[in-house]
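As they're listed, the protein sequences go chains A, B and C. At position 428 of the first sequence the residue is numbered 428 (this note's numbering), and the sequence of numbers has no breaks. At position 2 of the second sequence the residue is numbered 1002 (this note's numbering), and the sequence of numbers has no breaks. At position 16 of the third sequence the residue is numbered 2016 (this note's numbering), and the sequence of numbers has no breaks.
Think of the hints as simulated: they come from the structure by calculation, not from any bench. From a predicted model like this one, the values you see are computed outputs, not experimental measurements. Beta carbons: idealized from backbone N, C-alpha and C, even for Gly. Careful: at least some of the hints might be erroneous.
[What the hints assert, rightly or not] Between beta-carbon pairs, the in silico distance windows are:
1) Glu-605(A) / Ala-2033(C): 52 to 62 Å
2) Asp-339(A) / Thr-2224(C): 52 to 62 Å
3) Val-1116(B) / Lys-458(A): 55 to 65 Å
4) Pro-530(A) / Arg-2203(C): 46 to 56 Å
5) Arg-2203(C) / Asn-1120(B): 41 to 51 Å
[What the hints assert, rightly or not] Taking lysine to aspartate or glutamate and the DMTMM-like style, the derived pairs with C-alpha atoms no more than 20 Å apart in a straight line are:
6) Lys-607(A) / Asp-2085(C)
7) Lys-2218(C) / Glu-605(A)
8) Lys-2218(C) / Glu-31(A)
9) Lys-2218(C) / Glu-110(A)
10) Lys-1008(B) / Asp-583(A)
11) Lys-1060(B) / Glu-31(A)
12) Lys-1008(B) / Glu-109(A)
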Amino acid sequence: MHGIGVFVCHCGSNIAATVDVKKVVEMARLEPGVVHAEEYQYMCSEAGQERIATAIREKNLKGIVVCSCSPRMHEATFRKCAEKAGLNPYMVEIANLREQCSWIHKDIEEGTEKAVILARAAIAKVSLNTSLLPGESRVTKRALVIGGGIAGIQTALDIADAGYEVDIVEKTPSIGGKMAQLDKTFPTLDCSACILTPKMVDAAAHERINLYTYSEIEKVSGFVGDFTVDIRKKARYVNMDKCTGCGVCMEKCPSKKALSEFNSGLNNRPAIYTPFAQAIPNVPVIDPTQCTKLKTGKCGICERFCQAGAIDYTQKDEIVTRKYGAIVVATGFEIIKLDNLEEYAYSQSKDVITSLELERIMNAAGPTKGHLERLSDGKAPKNIVFVQCVGSRCDESKGKPYCSKICCMYTAKHAMLIRDKYPDVNVTVFYIDVRTPGKNFDEFYRRAVEEYGVNYVKGQVGKVAPQPDGSLLVHGVDLLDGKQLKISADMVVLAAAVEPSPSVRKIATMLTASIDTNNFLTEAHPKLRPVESPTAGVFLSGICQGPKDIPETVSQAGAAAVKVVGLLAKDKLLTNPCTAKPDELMCNGCGSCANVCPYGAISYEVKEINDHGIRENRRVAVVNSALCQGCGACTVTCPSGTMDLQGFSNRQILAEVDAICR
Amino acid sequence: MSMNTEFKPKIVAFCCNWCSYAGADLAGSSRLAYPADVKIIRVPCSCRVNPMFILRAFEKGADGVIICGCHPGDCHYSTGNYYARRRMTLLFSMLDYMGIERGRTRVEWVSAAEGVKFSNTMNEFVDAVRTLGPNKRLGDLRCKD
Amino acid sequence: MKELLQDGTVNRVLGWKKGDLPYNPEPAFFKSAEELDEFIYDGFCGANLSKYMIAASALEGKTLVLLKPCDSYSFVQLMKEHRVDREKAYIIGVGCKGKLDIERIKAEGVKGIESISGAEIDGDCSTLKIGTIYGEKEVAYKDAMLERCHVCKGKEHRIYDELMLESADTLDSGRFEAVEAIENMTPEQKFAFFKNELSKCIRCNACRNVCPACSCRKCVFDSTKFDSAQKANVDEFEEKMFHIIRAFHVAGRCTDCGECSRVCPQGIPLHLFNRKFIKDINEYYGEYQAGNNVEDETPLTDFTFDDLEPGERR
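Please model the complete structure; the sequences and the hints are all you need to start from.
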């Protein structure tokens, strides 16, 4: 390229003290393509920028090299300056003479020699630069929230309040999620339903929120600003428009053998059911695996009793296709299965329960109407042992390597509530560490110990042995005393680890959002972009990203909403032009580039290719520049060099290598 | 530094924009010296470094090539350095197999906060290459006697 | 085969036809039953036909292709890379009793060859009877086998529609012995070894043309994108780096079919590059055989969080 201008900055004496600036200018003039070279005290100053702009205009420069400080400092400044002077901003290269040269070398001869080489490399690169224009893509001003728990509800409310439409897709018949199952919440001990249900109602009543309950994501295509999503609305067998929510059908249904999901399987529910009394929408669904009518064609009792005529056994699953600008994943968590932790005798005794089951037992709307009783014989327990870290911080063959984060606090909560309501019950908690890093959390835990007299034992439980008399012998160790303990308990509560909802894997695959080895969704940056997925336009809310409690979930939900709103507020998205660009003529369509792309930016299309007069249909790679972030992983994976990276092309980098090694 | 004043090796350092290039900037602003023999080429990510670039550098007379990227787990693009690690593991092993000393090639993970590590790494690497002497080999691989 | 061609199941047959010498059959398409009279399959039919299926996949109708067990790996690998269309192929998996290397026969001092018998696939493949202008000579089949057959991957086809002919086990030496021998050399010896071998290279591109993994529409060495294509240029990049880059590009994709070494007119043991990568991949990332199936992640487009650092050893 002819018409390169080189501008060497003194940076006061920062550069000029150890680099002979005049010599750099002189040597730069000798490089091919260079038509102008000058030096100045401060190139980044107004006057300096004016000199650059003037030179671009007067000498009709096609590309410029600024020899100054790090491009991380002023690349943007000089690009803007070039743009104002009518030069494409991507025709600017920076030679880093300050951080990489003058500041670290003391000998002026050595510094100058290196500065000349750095300038030479930048000149070699700029001579191969091409004008780049940021792309534009449109934004559909509607958001999708996957999951209708507290995370999803809060995100949806915040987005809707900001003025954008939101759809919530929830796979169960009602929104509310795990929080609806909880009895009380730490550290304030307010009733979970009392603070959650108003939010559920708000979401349902919001004019800009649309609920798809009993629905699942079927297919996702498109990219940031322009996603197309197929939603499968599972057949409810109840007409949502006609149903009045009277509940007669549930009462009359003769098939009541199914285990209630909401009550953690501790009691039964009918085949036609709403998960819980405050369900939203308050429209039941028929469980086709339980309904006698759907299974055998005989029965039809609910239909006969429904005065609204809402029962419809012929309903089929329906696919709805909607467009979205942003997608929030709020798929939440499940409690791990305890199959690999048989030492706790969970499957052997009804009186070994998980903490979530205890929540239901303690809840006034639960299977025992809120009375603390043993599930085996209905007797009131006198000695309860809580075991923490069941499957958390655990060998990966048995459980999860991570800390589930919420268990220390809810165990303290359970212990405190029990001691408060049943002061004659002895409560022992086995713990590895008690982790209480939250506002008022440690105070809460200390209250459990100091005011409520909960017996905390540092140590692990090796075995829970059911005894013939129905009691449970807990073998543990007290690490502080160095003693083996055997405690006779009549109820053992396991703080089982949380794990991301199993559905998240499939959803992440559809969204091309990355996922870690524990199935938690990965953030775009663990510190600076914690609510964004690396896939543009996909945001994370709640436990799908990592274990967290309700306050943290709600804050993250709000943060995700802000990010969504920030995106939807734009009419068009400008995309980074330094993206991968395939050469269709050379592409094998082998698929290796898409394998390494962290953003799902590469897809394959069968296109008619005119290869020097031969027209044929070929499978070729297509880069979506709205998704590509320009890492370059694909360019090296591609054996034929079909993929190149704009702004850092193979030829540009090779030119730098050559200039340095010359 | 005084090992061999005659021989000034040519060292090409590929640094990822987000971590290692920033680490080099920090070394600079902290005035942590390393030999002027090192010349840095900025790439968006260590996964942008094509084996062709490395071989080309050797062919053009480089005495050592070093690639610096974000620490595994910290990649700006989440996975780039993992691919780079596999590629460079295999490529450097191949070069070693062909008699190009292992000391002339290196991968180092340098974060934006590790100015000291950047400077130390470059000092060590240059020393190691100086000990090995000028690299004639790759440029000489297919010459007919 | 004739029946499948005549009843229209396939439009053509991809196999080998007799060459002008007793030991140089060549790959060929047969379009009619008459043409098939020239068909041959014996111990000299070493060529891996899977690569020809890339072109055949673009043709009208099905192609009947004969694949030896080791060729079937290449075919699966090409399927994985979307280069061949399974629907367009009718695969007959043919048995293999080891393939022959005429250079090895000549190295036994056999000259002036007029005829060879004992290479027939339906025979026992134990002794070759070679008619020469100096009279009849005998060479043990095993001693005339290609290097790759001594380190055979196994005689099971990875993919086929139909199987034909018996195979015989030919594995009798370690696959990585030669690689290990080089690894144990000093840097000077290694360099001398490869300098000696690579100096023979005349850049005829036979290795590239025959390799099923090296099947890019446009080779990077013919492309302007790396400044690596100008032969007349002062730039000698291409000449020196070709074999390293070629091996790197097929790393994790090379099935070790050994065709590169078989076709090299200069006798350069090119498989030693590929096999070094295979050995490293096996050691560093777990046993991997390219072309085993279409599902496995290719090692270089995959990673684990705790992969070895360059230079580290397990």
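Results for each hint:
Taking the beta carbon of each, Glu-605(A) and Ala-2033(C) are about 40 Å apart, not inside 52 to 62 Å as hinted. Taking 52 to 62 Å as the suggested C-beta distance range, the pair Asp-339(A) and Thr-2224(C) conforms, at roughly 60 Å. With their beta carbons about 39 Å apart, Val-1116(B) and Lys-458(A) fall outside the hinted range of 55 to 65 Å. Judged by the Cβ atoms, the range 46 to 56 Å given for Pro-530(A) and Arg-2203(C) holds: they are separated by roughly 53 Å.
One distance hint, 41 to 51 Å for the beta-carbon pair Arg-2203(C) and Asn-1120(B), holds here, with the actual separation near 43 Å. Of the pairs offered as hints, the one joining Lys-607(A) and Asp-2085(C) holds, with about 16 Å between alpha carbons and a cut-off of 20 Å not exceeded. Distance hint between Lys-2218(C) and Glu-605(A) is fulfilled; the C-alpha atoms sit about 19 Å from each other, no more than 20 Å. Among the hinted pairs, Lys-2218(C) with Glu-31(A) is inconsistent with the structure: their alpha-carbon atoms are about 33 Å apart, more than 20 Å.
At most 20 Å may separate the alpha-carbon atoms for a hinted pair to count; Lys-2218(C) and Glu-110(A) exceed this at roughly 44 Å. For the hint linking Lys-1008(B) to Asp-583(A), the alpha-carbon distance of about 40 Å lies beyond 20 Å, and the restraint is violated. For the hint linking Lys-1060(B) to Glu-31(A), the alpha-carbon distance of about 19 Å falls within 20 Å, and the restraint holds. The suggested pairing of Lys-1008(B) with Glu-109(A) holds, with an alpha-carbon distance near 14 Å, which does not exceed 20 Å.
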